[in-house]
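Peer 1: Chain by chain, the residues:
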Amino acid sequence: MTTLMLTEDETMLRDAARGFLDENAPVKNLRDNRDSGRAFDPGLWREMAQMGWAGVLVAEDAGGSGMGHRAAGILAEEMGLTLAASPFISSAVIAATALRGAATNRLSGIADGSLLYALAVDEGSKHNPQGTALQAEKSGNGFRLTGTKTFVADGGSANRVLVLARTAGAPGEADGLTLFDIDATRAGLTRQGKATVDSRDHAQLDFANVEATGDDVVGEVDGGMAAVTAALNAGQAAVSAELTGLCAGAFAMTTGYLKERKQFDTIIGTFQSLQHRAAHMWSEIEVTASAIANAGRVLDETPAESELAVSIAKARATKTAKLVVSEGVQMHGGIGMTDEFDMGFFMKRARVGAEWLGDYGFHAARVARARGF
Amino acid sequence: MAAFSDKPEVFRTEISAFINTNCPAVLREMPADQREICWGGKRWTFTSDAQRDWLTACAAAGLTAPRWPEAYGGAALSREQEKVFREEMARAKAPSPLESFGLWMLGPALLAFGTEAQKTHFLPQITRGEIRWCQGYSEPGAGSDLAGVQTRAEDKGDHWLVNGSKIWTSYANHADWIFALVRTDREAPKHKGISFMLIDMESEGVSTKPIKLISGNSPFCETFFDNVKVPKSYGDDMSSIVGEQNRGWDVAKHLLTHERTMIGGGGSGAASGVLGGRSLGNFLSSLEDGVMADPVIRSDVMELEVDSLAMGMTLERYKDMAKTGGVGHASAMLKYYGTELNKRRYELLMSITGSEGVEWDGPHGTLAPEWLRTKANSIEGGTSEVMLDIISKRVLELPYK
Ligand SMILES: Cc1cc2nc3c(=O)[nH]c(=O)nc-3n(C[C@H](O)[C@H](O)[C@H](O)COP(=O)(O)OP(=O)(O)OC[C@H]3O[C@@H](n4cnc5c(N)ncnc54)[C@H](O)[C@@H]3O)c2cc1C
Chain A
1472 MTTLMLTEDE TMLRDAARGF LDENAPVKNL RDNRDSGRAF DPGLWREMAQ
1522 MGWAGVLVAE DAGGSGMGHR AAGILAEEMG LTLAASPFIS SAVIAATALR
1572 GAATNRLSGI ADGSLLYALA VDEGSKHNPQ GTALQAEKSG NGFRLTGTKT
1622 FVADGGSANR VLVLARTAGA PGEADGLTLF DIDATRAGLT RQGKATVDSR
1672 DHAQLDFANV EATGDDVVGE VDGGMAAVTA ALNAGQAAVS AELTGLCAGA
1722 FAMTTGYLKE RKQFDTIIGT FQSLQHRAAH MWSEIEVTAS AIANAGRVLD
1772 ETPAESELAV SIAKARATKT AKLVVSEGVQ MHGGIGMTDE FDMGFFMKRA
1822 RVGAEWLGDY GFHAARVARA RGF
Chain B
17 MAAFSDKPEV FRTEISAFIN TNCPAVLREM PADQREICWG GKRWTFTSDA
67 QRDWLTACAA AGLTAPRWPE AYGGAALSRE QEKVFREEMA RAKAPSPLES
117 FGLWMLGPAL LAFGTEAQKT HFLPQITRGE IRWCQGYSEP GAGSDLAGVQ
167 TRAEDKGDHW LVNGSKIWTS YANHADWIFA LVRTDREAPK HKGISFMLID
217 MESEGVSTKP IKLISGNSPF CETFFDNVKV PKSYGDDMSS IVGEQNRGWD
267 VAKHLLTHER TMIGGGGSGA ASGVLGGRSL GNFLSSLEDG VMADPVIRSD
317 VMELEVDSLA MGMTLERYKD MAKTGGVGHA SAMLKYYGTE LNKRRYELLM
367 SITGSEGVEW DGPHGTLAPE WLRTKANSIE GGTSEVMLDI ISKRVLELPY
417 K
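Protein chains in written order, with the working numbering: chain A, 1472 to 1844; chain B, 17 to 417.
There could be a bad hint or two in this list.
Each computed BS3-like pair below joins lysine-lysine, with the alpha-carbon atoms no more than 25 Å apart [unchecked claim]:
#	chain 1	residue 1	chain 2	residue 2
1	B	Lys99	B	Lys58
2	A	Lys1733	B	Lys417
3	A	Lys1793	B	Lys417
4	B	Lys245	A	Lys1790
5	A	Lys1733	B	Lys409
6	B	Lys359	A	Lys1730
7	A	Lys1730	B	Lys208
8	B	Lys248	B	Lys208
9	A	Lys1790	A	Lys1597
Partial chain B-side listing against chain A, Cβ under 8 Å, derived [said to hold, decoys possible]:
#	residue
10	Gly297
11	Tyr352
12	Leu404
For the record, the hints were derived by calculation from the structure and aren't laboratory data. These numbers come from a predicted model, not from an experiment. Note that CB positions come from ideal geometry on N, CA and C, so glycine has one too.
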């Protein structure tokens, strides 16, 4: 496997992304989004698409930049650093992976940033694809979808939805699921935005006899789990990368503060109790960073074996982010609790990222299964 | 000396053939928990002919120190080749031919600071397992504050006269030579008056006294220097001091980064001992039913497994970093994280094995002493607190004042 360090090209990509985001999407943008009630800045997304980010996983002959999963992780990480909000993970990572074998006009729409996708998979408060109950009843040549999807990231702004539905079997079974790719404005589909703590787009999608045809099916009927698995793995790796960037962002704020804040006529960063906690956090971040890089590499090089690598990454990223944002607030004292200060944004996004596509327990259990216990 | 191909696929075939031809079947078939580490040295008694033959074959091919230059007894493998070598060793279930403080610590320090003559003389003795080294750093009054060492070496013209005592010197009673930090300038500031000296343990006036550990074993000693005459030179261009006189602190620190990386390496999973290279999952499946049904144990094991696997990746990443530009103070992270992880692993193994685990000679063999031994991991080579200090001050650059 390629080294877990950044290659030269990757370093260039990271530096370019960092330069762009620092200038165009500092944390202040998230605050502006929140205050103006929008989930992300469409102009910013267009620029990201022009740089090839939206097509990071779309092959060049389909209009993408085809940079691969490790590159997608690097971009997600940089976005995490400044909390840049965009449909990147939903469209450019998850949908692009799910539709890899599909008609090229969809993929080129993803790559140019015009098609915004959302993945509608979960129905309860926890990630559980095989728990899917949403019914896709066969009717004539097609299907009618009825049921509810919750916590659909980018579900409010998407113009297309990938929805996992049950065509056979019972909730809890991995077999009998089918993945559909439908227009978000299709009759019978209503979307209800949820105000989540991270000020981003999350929606509940209600399906009432929404019609779908065989052409809307991604992969095989009753083989939806196979169709969605690669996309979920890719998405989980990207969320983990975003969380790792988020850790770096929050941690930099915290060490910056430790170097400037004075109490007892002393810079608080000289207090060993704080130094050691900072050093511990940094150690956790370093170990997590390796797991993120590894997940990207495995997805690029041996995708069939990616589940273990991805779950290690997601479990680690979730846990590390929780530590870093909690300590981030604590070490800032009162100011860390104020809305005016940015640390809270990191904390809120970390909590949402922890739940998105599987929490610590979900992924640790997957690691355990893969490791034989 | 075997020269291996530069072509990756050919290399893999060659190295795997080398292992299969030279590593005796008895060694490969031996259950991991019965394997004996080969430490080498003048006083070493091989546990079997097979152990000796395997060492001889590897040493001849430079494979006891695969990355070192061939002129110094290594095989000059690249980092990628070394990975392949390790993979093939694991696949063939071949034990490491030789472990020693010479390989882990002194060698890297000599490679960085030694003269050509020091390197050509001392390094091959290490790779062939002929000389066993021990580390004379700590003293009763100088532990975490290592630069406070008081053992002194007085300039007596053609030799140094060394007096003082070291403590916690691992395997000093089995070692042939010691690399020691001695004070050669008592007037200079404490970091500026230390030299890194190579001393023959057979010299008159050197003596050792074993100290018993809580694990019941006694792998370390007090080491006394009583008017020990250390020649200034062991031959042409071969001073008994490595690096510059009074600049031993630089050598000492460089060596510590290797030592710390090595100790931290235990963090991704125990290669030896009760786990014997098995994954935790594998070990657990060998235990009586029901243990893993305990939700607290199960959750702890899952968390440990996630962290261990991620730590394994981190060790690989850091080794690649070391190749391209160095890790420096960040090695403190590997030491800190790896050792704390290993302690967690053994606490967990103890709780998983319950009342069987606490037996000195129970069904889990050496688990109890191994568990006790891990407690030293976060002390030896610099304590966890000291590692956190290094990270916060050197890596994060948090202020001193
Ligand atoms: C099994 C084993 C093998 C060893 N092998 C060798 C060997 O081969 N050669 C050798 O030279 N040495 C060896 N050592 C010694 C080891 O390096 C020292 O024990 C270690 O550096 C700590 O020093 P100390 O024991 O004097 O503890 P101290 O330095 O007295 O520390 C006591 C406690 O105070 C804490 N502390 C100290 N300073 C600070 C600070 N600034 N901030 C916060 N906390 C602090 C420490 O972390 C520790 O918890 C070995 C030790 C062990 C346990």
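Peer 1: Hint by hint, say whether it matches the structure.
Peer 2: Hints, one by one, checked against the model:
1. B:Lys99 - B:Lys58: violated (30 Å)
2. A:Lys1733 - B:Lys417: Judged against 25 Å, a Cα distance of about 11 Å means the pair holds.
3. A:Lys1793 - B:Lys417: Roughly 30 Å separates the two Cα atoms, so the pair is violated.
4. B:Lys245 - A:Lys1790: violated (56 Å)
5. A:Lys1733 - B:Lys409: holds (17 Å)
6. B:Lys359 - A:Lys1730: Answer violated: lysine 359 of chain B to lysine 1730 of chain A is near 32 Å, above 25 Å.
7. A:Lys1730 - B:Lys208: violated (29 Å)
8. B:Lys248 - B:Lys208: The given pair, whose Cα atoms are some 19 Å apart, holds under the 25 Å limit.
9. A:Lys1790 - A:Lys1597: holds (17 Å)
10. Gly297: Hint holds; glycine 297 of chain B Cβ to chain A Cβ min 4 Å, cut 8 Å.
11. Tyr352: Hint holds; tyrosine 352 of chain B Cβ to chain A Cβ min 6 Å, cut 8 Å.
12. Leu404: Because about 4 Å separates leucine 404 of chain B from the closest Cβ in chain A, which is inside the 8 Å limit, the hint holds.
Hint check: violations occur at hints 1, 3, 4, 6 and 7; the rest are consistent with the structure.
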